[in-house]
Amino acid sequence: MSTIHIKGGRLIDPSQGIDATLDLWLREKQVLAVGRDGPEQVDEVIDATGLIVCPGLIDCHVHLREPGNEEDETIATGADAALAGGVTTVACMPNTIPPLDTPAGVEYIVLQAKRAKKCNVYPVGAVSKGRTGNELAELGRLVEAGAVAFTDDGAPVANPALMKRALQYASMFDKVIMQHCQVMELTEGGVMNGGFQSMRLGIPGMPPEAEDIMVARDIRLAEVTGGRLHIQHISTARAVDCVREGKRRGVRVTAEACPHHFTLTDDRLASFDSHFKMNPPLRTQSDVEAVIEGLTDGTIEILSTDHAPHAPEKKARELNLAPFGIIGLETLVPLTISYLIEPGHLDWSTAIRMLTIAPAQLLGLDHRKGSLRPGFDADVTILDPSARWVVDPSQSRSKSRNTPFGGWEVTGRAHTVIVNGEVRFRAGELTSP
Amino acid sequence: MSTAPASAATWTRRHLLGLEELSAEEITAILDTAESFAEVSDRPRKKVPALQGKVVFNLFFENSTRTRTSFSLAAKRLSADVQDFSASTSSLSKGESFIDTARNIEAMGCDVMIVRHSISGAPHLLAKHVGSSVINAGDGAHEHPTQGLLDLLTIRRKKGRIEGLTVGLVGDIAHSRVARSNIWGLTKLGAKVILCGPPTLVPRSFEQLGCEVAYHLDDVLPRLDVINVLRIQAERQQRGLFPSVSEYFYFYGVTQQRILRSRPDVLLIAPGPINRGVELTPEVADGPHSAILDQVTNGLAVRMAVLYLVSGRASQGDRAD
Ligand SMILES: [Zn+2]
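Residue numbers (the working numbering), protein chains in the order written: chain G, 1 to 433; chain D, 434 to 754.
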């Protein structure tokens, strides 16, 4: 039996209300104990003095592009990027080619992830057959194949009747419907946020009301169905308000925010650089402030990346033709530290909660992940909270390089990453298990 | 011409991508340089050796015979070698990327690329990837700087000044690159700009650029020194941005009656090609207030000036003649 002793670190586990200098012992694939005393016999000691020890980070919104667009990313390369970013578990989106709308497709992801043997990968199934928004996919059989949630991400479920049925039907399995909130008729041809900057630059806009309206609609549908709704990558001030108000009424709604939506604004598009083209688009300063406020007051309880790799030749096209999206797994931790924790918007415990137990609950994994309770999966992230470094896209573990944060000086990064009791990343290097 | 005007010495840029990034001094430098080139067109032998040995490529990824012809003629009058490249006949249709196409052209020894593209920012993308000078000949709904400059030159020549004038831009402002370049150029040189058209084509947000937004042309007409009539594209009507061409014409068409209600010295300009009967009537287009043909002539002088300035002749202190 292999036992790891992680000693001297600041252990933060919001699921147990722990933030203290405590040791952690892992045995085989499970957490053995947290405290000051543990077994004498250990196989490996990791000195975490000056470091933060927390449950393995979980990203509920990642695009791995396999099958179909392996030139952008594969499950193996995406999982490498996750590990380098301190993420031990990802939920991958179903907008692959073909989409994850069949049990076979979902099982393929599970199998490829097992073969890659890097981080944990949980597939999110499509809501509708072919992601066309017409007919429910076989949600029950997708659950049995391994799907942990449902979304047609990349596109919204536009039809309110189908969305209502999805919320009703998925509640039978207590699974959440994740929605990419956007009224497509309002964003047709859009490339960036619709507003002053798009007007100035002459770039087709995606106005904020396209998101606001869909968020409001779906919260009402979640309310009448009692289903679980999750708002993906929230980006507008009104949408945040709407979620806040829905929660107050007791609707089962959760929301996630991505680092680019709390660090960047739409005036960046003045460079016409497609690395600032994402969907939902970068919004205005007041939207950024509203997202941060939503994170601070608990309206938004999850941090995710929307890691969306695209090969360089695709991003190097003219702005309207370049695809939406940026990579994000390796910049999640430093941007969270530099832009939420250091300025005082979030304390460490709240930020770690948003990256661990909160997404575990969302995905129904909270009986074994997102916490360092004894018996839980031995997924551990050790962070160096004070490392200063400069983001260098060429060093990314992702197959793609599409980050707008190249050259940014940031604070904090993954130090050691343990998945299922095995060290998979250490001192900036991926370790083969 | 003799040497370039002294103001041209203030020009240090390699590209002309838009009027937004130019200072009033830089815009004036181009206009002054254009004035001195205008005289070349009146000579029997309409050529100066300013760009001898230089290679100018017209990269038109969107059709515009007028603008391309004007640039070609301007380059030839400066003695440059000019080559046209249009996307329809190109490898772009075979899937070669925009940047690769430009790099290939550069490998043929190109000094100046004149780029027209339907996507905003496309010339800016090229400017980052090539060593040549890039001139924006119209990008999406973003800017059309030489059109803005030729409008400024036309107004300055006809009115003797820009500062203090009130200029009305009438039509589809939201989707117009000409409107944006004009707004930047006119406001930087001290004119007041009134934008006029239905709210679907003239969003209120343009007020943040320092313009006045008006929806009723008849109300603002008496205040205008210049009416700049912009083109209405039929596809906008098909997309439902206004109900019909005839309704548009009823509210915004520049007719003889509207000219009579305007100032006696009102100047009418319009970027070509104009839709007679949609934005303005033939009698107005050909009438005494119209400077539409002067704009074409001035366009040539402005494009000569821009080619001359970006190719660095002014800063090297060479004589143009
Ligand atoms: Zn999405």
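Hint data in this document are derived by calculation from the structure and do not stem from the laboratory.
It is possible that some hints are incorrect.
Derived lysine to any residue pairs resembling SDA-like cross-links, with alpha carbons at most 25 Å apart [what the hints assert, rightly or not]:
#	chain 1	residue 1	chain 2	residue 2
1	G	129	G	41
2	D	509	D	540
3	G	315	D	509
4	D	561	G	27
5	D	561	G	431
6	G	117	G	315
So the derived label-pair ranges between C-beta atoms look like this [what the hints assert, rightly or not]:
#	chain 1	residue 1	chain 2	residue 2	range
7	G	293	D	599	37 to 45 Å
8	G	97	D	679	57 to 65 Å
9	D	673	G	129	42 to 50 Å
10	D	679	G	135	41 to 49 Å
Computed footprint of chain D on chain G, listed as stretches where at least three residues anywhere in the stretch have a Cβ under 8 Å from a Cβ of chain D [stated by the list, open to error]:
#	region
11	154 to 164
12	195 to 202
As the structure is a computational prediction, the values presented were derived from the model and not from experiment.
All C-beta atoms in this analysis are idealised placements derived from N, C-alpha and C, irrespective of residue type, glycine included.
Provide an ascending list of the numbers of those earlier hints which the structure does not satisfy. 1, 3, 4, 5, 6, 8, 9 and 11
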